[in-house]
Every structure is written in structure tokens, then in C-alpha cells.
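Residue numbers (our numbering), protein chains in the order written: chain A, 1 to 349; chain B, 1 to 522.
These aren't lab readings, by the way, just hints derived from the structure by calculation.
Take these hints with a grain of salt, some might be off.
Stated by the list, open to error - Computed Cβ-Cβ distance ranges for the label pairs, DEER-style:
#1 B:LEU112 / A:VAL201: 27 to 35 Å
#2 B:SER411 / A:ALA30: 13 to 21 Å
#3 A:LEU276 / B:LEU112: 49 to 57 Å
#4 B:TRP384 / A:ALA123: 45 to 53 Å
#5 B:ALA96 / A:VAL34: 44 to 52 Å
#6 B:ASP177 / A:ASN149: 23 to 31 Å
#7 B:ALA193 / A:TYR168: 34 to 42 Å
#8 B:TRP384 / A:TYR198: 41 to 49 Å
#9 B:ARG392 / A:LEU36: 35 to 43 Å
Every residue gets a Cβ at the ideal spot worked out from N, C-alpha and C, and that includes glycine.
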Amino acid sequence: MSVDSAAANPAADPTPPAAPPQPAARRSLATMAVRLAERWALLILLGVVVVFFGVWSRTSSVFLSVDDFRLIGSSQAVLAVLALGTIVPLICGQFDFSVGSVAGLSSVLTAAAFSHGHWPLAAGLLVGVAVGAFVGLVNGFVVTRFGVNSFIATLGSASVITGIVNWYTQGLSIVQDIPTALTDFGSGQWLGVPRTVYLLVVVALVVYYLLDHTPFGRFLHSVGSNAEAARLVGLRVPRIVFGSFVCSGTLAGIAGVLLLAQSGAGNPQVGSSLTLTAFSAAFLGATTVRPGRFNVLGTLVAIFFIAVSITGLTYAGASDFIHDLFTGGALIFAVTISAQLGRRRAGVR
Amino acid sequence: MGRVLTVDTGGGAEDGGDAVLRVRHLSKTFGGTRALADVDLDVERGEIHALLGGNGSGKSTLIKVLAGVYAGDRGEVATGGRTARADAWTPQDAFAAGLRFVHQNPGVFLDLSVAENMAIGHGFPTAAGGRIRWRDLHARTRELLQRFNIAAVPEMPLGALGPAARTMVAIARALQDSEGAHGGVLVLDEPTAALPAPEVDLLLDALRGYARAGQTILFVTHRIDEVLDIATRVTVLRDGRRVGTLPRAEISESRLVELIVGRPLEHIYPDAAPTASADTVLDMRGVAGGLARGVDLQVRRGEITGLAGLIGSGTSETLRTVFGLVPRSAGTVLLDGRPLADFDPAAAMSAGVAYVPADRGAEAIFVAMSVRENLSAAGVHRYWRGLRLRHREEQRDAHASLRDFLIRAASDTAPISTLSGGNQQKVILARWLRRRPRLLLLDEPTQGVDVGARAELWSLVRRAAAEGTAVLVVSSDFDELARVCDRVAVLRQGRVVAELRPPLLDGKRLTELAYSVEVLSA
């Protein structure tokens, strides 16, 4: 989808007016350079941030040791998987605000399967992923069958899930009998790289494959760009939208299992707070690598940009408030940029 | 072009008279195109003055100049003793002069109550603190409803009224501050174009009533039967010129058709009813759906068949019914002798039907996507082999399409929005012709396409026909249809009323047939 319409108007998805005739794009060196800078702006900015905190006297002594990188890598894996989950519906013009809550639900139910049910490892992991897929199924059904705006439907389901989690756990973390194989995966390293990062890479490759190398991915983009035109080339639009929610739910389920592996506990308090950061990363990611489109690599760059910036600011003395401040600011900034990019792509000046 | 046919028996339109609105020597050009040339118009007090003309005759432009939306290039507008230059005429001037406009889409809110609709754009009566005085508003609305003879109560939602009554509410809203004032003019721009027949009668009755009460009405239309029905005088425009003004006594169907078309009416002998033959690809029998009310039509292999008709005659719906976008309420559609599934575009596609919609921006273009992706949109599965999309093969095909379909683009990865309208349309055409369809449906394929690209588009369509595709085209440009088609069927009120082929096929005949009230074929 064109990012700006998702941002500006989640309810309807107005088709931008037909582009005015333009002369064929001229490719001068200058415009090529601008394009290139635009594509990699966020990565460059990430480098600038790293250098800045590395040089600045208040943070240079502590900022970004190898351990910091490891910590950021492992701690952001959950968020990154979640952000990749959000972009699947976003591409076809839909919002899934339930991803954070679903991750919370998945981690709690997986923990419960081990702790109360004493299920074997594989079965417990399957529970987490299946729970996510099931919520995606319900979200998709409500949106496509009853025509409920996805913004509202998933905001509602997020709240319902948070309620169920708190009711089930009585607000207490589930810590007993979490298999060590799982927690080892969450905290250990292979070749000096956190093991969770390997999983993240696998998930990212799968999502990239899905979006760029399957017809389904192409259909998602088509529906997001112009749902009516998609219908008129024979696409079953509701089925595609439905599929996008199953994808985001499943990915949120995986993120939940990862969360459990990392923290060693099914914590009912974590979860819903992750949603907004995931969206910030998704929108910020859409300004880079392939400006104007939600994309996997851009999303990953955005995740690490946000994490590095917040870590640096924390070292500089900012306390917890900085997280909300920065995440929200990044979201607004990203959506503004995306709106400009989208408008330019649509030929509107 | 033969002799120019102009008449003026308008009577009493000399200076002075009782004209409440007088337009003199009005001209307007857009770029190099002349929309209005030296047009005069007199609207007299208390009359229903119809402004009649075909597509592109300049009637909409004239109304927009009167409303102050467009500035005229030359000419004058005189109202109530005051004369203004047309290039300085503003919406405020129009309002002050008592001109009130109700457009084809009357700008009403179906979810709001009738009273709220009356108040919007006019102001809610308020008390201290900005509170709305609902009782006053409802009382005033009740008066208006009575005055304009609308069967409604102020509290009911507007959506509960019929389409004609909604337009009447819009009229009442426009006229509410002119308490029975007879100085102004109510200007209605094609108010009936989107209304079903019984609703049209209701609205025309209401208009007649308002005129009897002294309201002056300028009524823009392209339907001759409406002019015959209610106009007390009619001015006809053709190609931006006023070609005649007729008083009531001289209004007749043949006269009006003559003025619209620009030459005397001839008698038409359409072909005998067509019969299905071996190379018939599309065979429609009594197909109804939307505005199509029983279409019988055959389209043959290798032929370009045109479909001509006025707005509301069911031409577009005929295409949409075949492609499965509008459900059929009656009739059968056979493709190559096999019945075509109803209301299922995907099934129509796999049966070999291709459809290029009229509204390119809203229904065909994926605006944020590349030319290549737009080209493959109707056949992505072709590249799905061995569990991955064959991007290189897709690119090769895209390059071939750019070449074969004469598409001028910087590259196949350029966003489609960077292409001109004509090149975008070629992309859409290529998208469908790549599938080698049995039947190609084209709805207004050259709309918003410049002249050069038009010729190229038609040559591409002709080539597809020569390769065996049956083509069915809808266009409101009848001259163009006559030029490019092997055969044109004329639709009126949802039915095929005539079918023309050379040498009888020309734009003027099509216009005559499309406009005529009675079926000329006997």
C-alpha cells in the first residue's frame, strides 16, 4: 500500500487522483545521488547516532561495547519479529494493533503449558504459535466477514486479550518449570551472536520471501495500492486480507515464544506495550531501503536505530520516559516522511 | 461539414424584455480547445429554460462560468439591471445576483436529518452559548417542506427519502433565503442524470410546480424527452456555440435532434436482427443488470463492436454485467457457446474475458507500484514456479510489452504514476492482452488520452482483433466509435435499439439514435 494513505486515513483508503502527465523521469547524476541518499538515509543516520554517542564525552566511556551490541541484538529480536508481523497487514492497507497483546498471550499460555500442563517442549512451542495464528484468524474473520475497520477491530481484540491474560494469570508471572532448553536459547550465544538473532534472521528471510517472491506478497501490495483494481484483475481481496491477519498473528505468536525464552517467565504485564514500538519501526522502515513501501530490511534497520538511540540517550542520563518519548516521536516523524514520499510516488505535488 | 444549422425564433429576446439573466458573447477556451464561442443566453422570468446539448457541447462549461467557478475569456453576464464582465464574475457575484445552483450530485447528507441538511451551509439558528435552537430549525424546515411540496418531516433522516425528494431538499436548501423572491434563477445541472425513470417524473412535476409559483429555472439536460416534457423554452448548444433557441410551440423531437446533431434528421434503417454465427464469441440474450434492461447482443471473433448510448442508457453496465461486476437479474450470457458464471470476475477471467474499466485511476492503476508490476497484475501466477516468483522472466516480459504496446516509460521499474495518461492506458491494455483473451471489454478506453496515444491505442486494439480477440467497446465519443468499430449497437434505456455498420455508420447517426425518444426502427 502507499504508506501515506494508511497513516492519514485508516478508515477509507482513498485512491489518489490520477497522476498528471509527466515527462519520463530523467536520470541525472544528481537525482541518482538524491535517490541513493534517500534510500539509505536511515542507515546513515544509524551510523551517525553510533558515532555521536561513541564520541560524546557523556557516553563515550560506556557506549556500545560489544556486549551492548549483543544486548541490543538479543533484546530487540522479539520486537523485530513483531514489527515484521505488523508490516504484512500494513502492506495490504490494514492495521493489526493486537500484535503486542498476542505476543503476551502466547508467552503466558506457552509458559502455562510447561508450568501447569508439563507439556513436552515441542508441544509447548506449538501452543504459542498456534495461539497467535488463532487470534489472527479471528481478527481476519471479523474484518473481512463483518467489514469491521481493522483499526477498531484489532484495538478491541488487543484489549480483550489483555483482559483474558490478566484474568488467567491474576496478574502474576508464570515462572515454574520453563524448560531450560528454551531459556538457554533465549540467553545463549552461537559464535558470539545471541541465538535469538539467528531466529530473527530466519523469520526475516521467510517474511522477505513471502512478500517479494510469492504471488501472495504481490497480491498484498496490489490490494494495498488499489483494492478495487485488485478486485477487477480477479483477486479475491477478502481472502488476501484474511491471510495477512493470519500471518501477523502467527508472527506475534512466535514473538511471544521468543519473549518467554528470553525472560524465562510468562509475564502478563509485557506485551501490549510492544505494539506501538513495532508500528514505529514499521513506518520508519518504510522510509528507507525502498522508500514508500513497507519492507523487511528497512524495518530491521529501524528497529536497531530506535534501540541504539534509546540506549545512547539512557547512558546520557535520560530515564525511562525517553523510551515513550522517542518511540512516539519516531512514529510521527516516520509517518510524516512516508506521507511525503507516498504523495510524490502518486504524482501529487 | 455541410451547412451550419442555426435557428433563432426565441422571440422577445431583444434588449429589454423580461430577462432575469442575460449572457452576451460569452467565450471560453481551455488550452487550445474552444469550449464556448460567442454564446448568448436569455432566461426570462418565470420560465423553465432548458439548456440542451450533447457531450462536449459546452453546457457544463457555461454553467460553471455562470457559477463563477470558471472565469470567462470574453463576454458579459447581466442580471437584474446590472451588467458584469464575464472574466470578473465571481461566485459571490452569482450569489448576490440570485443565482442558485443545484448540481447533479446535490451535496446532501443521507445520514443527517432533513432539518440538518437544510441548515448545513446556511447556518443553524443558535441561542446563547452556541446551542442550536432545534425547535426553530424544525419549524422553519417544516415551512420549507410545505413550500416546496416535499412529503417529509424535519426529523427524519434524508436517506429515508427517495432520490427525487433528496434533490428537492437540495433545491429547497438553495432557495430557502429567497422568500418567494422572483428575481433569482434556480440553475439545475443535469439533476435527472442519475435518477431512475419514475423518480425523474416526480422531480419534473415538482419543477413544474415551482415554475407555476413564479420560480425561474434554468435546466441543463441531455435528454430530449425531458425538454419536451417541461421546458417553456430551450437553448441548444453544439460544439460550444448556441445553435438555436426555440419557444415552446416550436419544440419537437425532430427539431431538437436536428439542432443537436447539426443536420436534418434522416430515416434510419438498421440492420436486420443479428443472428449468432459460428464465430460468435459473446452471445447475450435479454441480459438485465443495473441499468441494462434486456440487452441482446452478439460480438464476433476478430471484430470490434461498439456500444453507443447516453449516460444512464446502460452501456457501462452491459460490460460490467458480462465481467461479473454487476449481478444479472435476467437473461443469459454465452461465451463460445458456454454459459458464463454470474457475478464472478475471477470466473469471467478464466473463461477468457478481459475488462478495461472507464475510471483508470480508481479501478485499474496500482498507483504506488511499478510499470512491471502493473503489467503482470492480472497474471502473477504465470511467474510462480518452483516456489518462487521468476522476476527475471517477468522483467523480460515487461520489456517485451513496453516494446509491443508502444509504452513510453523511463524503465519497467518506474512507478506507473510517472507515465502519461495514454501510456498508463497502454499498460492496462497490455495487462489484459497478454492473457490473449477471447473477449476484450473496453469502457471509455481513450478517456483522458491525448490524440497521438489514442491512435496508437486503437491500432493496438485492432491488432488484437486481427489476432482473433472479440472486442466490445463503450465510448461516449460517437465519432470515434464510428471510426474504429466494424459495427456499433445503440443502447437506449437499457436495450439495444439499433445496430449500424458501414456505410450507414457515422457519429451523427449514432447521436440521432441515442437521443431519439421513440425507436426509429420499425
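task = Just tell me: holds or violated, for the beta carbon distance of TRP384 of chain B and ALA123 of chain A against 45 to 53 Å?
result = Since TRP384 of chain B and ALA123 of chain A have Cβ atoms about 34 Å apart, the given range 45 to 53 Å is violated.
message = If I claimed the Cβ atoms of ASP177 of chain B and ASN149 of chain A lie 23 to 31 Å apart, would that claim hold in this structure?
response = 39 Å, violated
ask   = Between ALA193 of chain B and TYR168 of chain A, does the C-beta distance stay in 34 to 42 Å?
value = With Cβ atoms ~60 Å apart, the hint is violated.
request  = Could you say whether the range 27 to 35 Å given as a hint is met by the Cβ separation of LEU112 of chain B and VAL201 of chain A?
outcome  = Violated, at about 55 Å.
task = Kindly confirm whether 41 to 49 Å is satisfied by the beta carbon distance between TRP384 of chain B and TYR198 of chain A.
result = With Cβ atoms ~29 Å apart, the hint is violated.
request  = Using the beta carbons of ARG392 of chain B and LEU36 of chain A, state whether their distance is inside 35 to 43 Å or not.
outcome  = Cβ of ARG392 of chain B to Cβ of LEU36 of chain A: about 24 Å, so the range 35 to 43 Å is violated.
key: Supplied distance hint 13 to 21 Å, evaluated on CB atoms of SER411 of chain B and ALA30 of chain A   = 18 Å, holds
message = Tell me if the beta carbons of ALA96 of chain B and VAL34 of chain A are separated by a distance inside 44 to 52 Å.
response = 51 Å, holds
ask   = So the hint says 49 to 57 Å: do the beta-carbon atoms of LEU276 of chain A and LEU112 of chain B match that?
value = Cβ of LEU276 of chain A to Cβ of LEU112 of chain B: about 36 Å, so the range 49 to 57 Å is violated.
Comparing the model with each earlier hint shows violations of hints 1, 3, 4, 6, 7, 8, 9; every other hint is respected.
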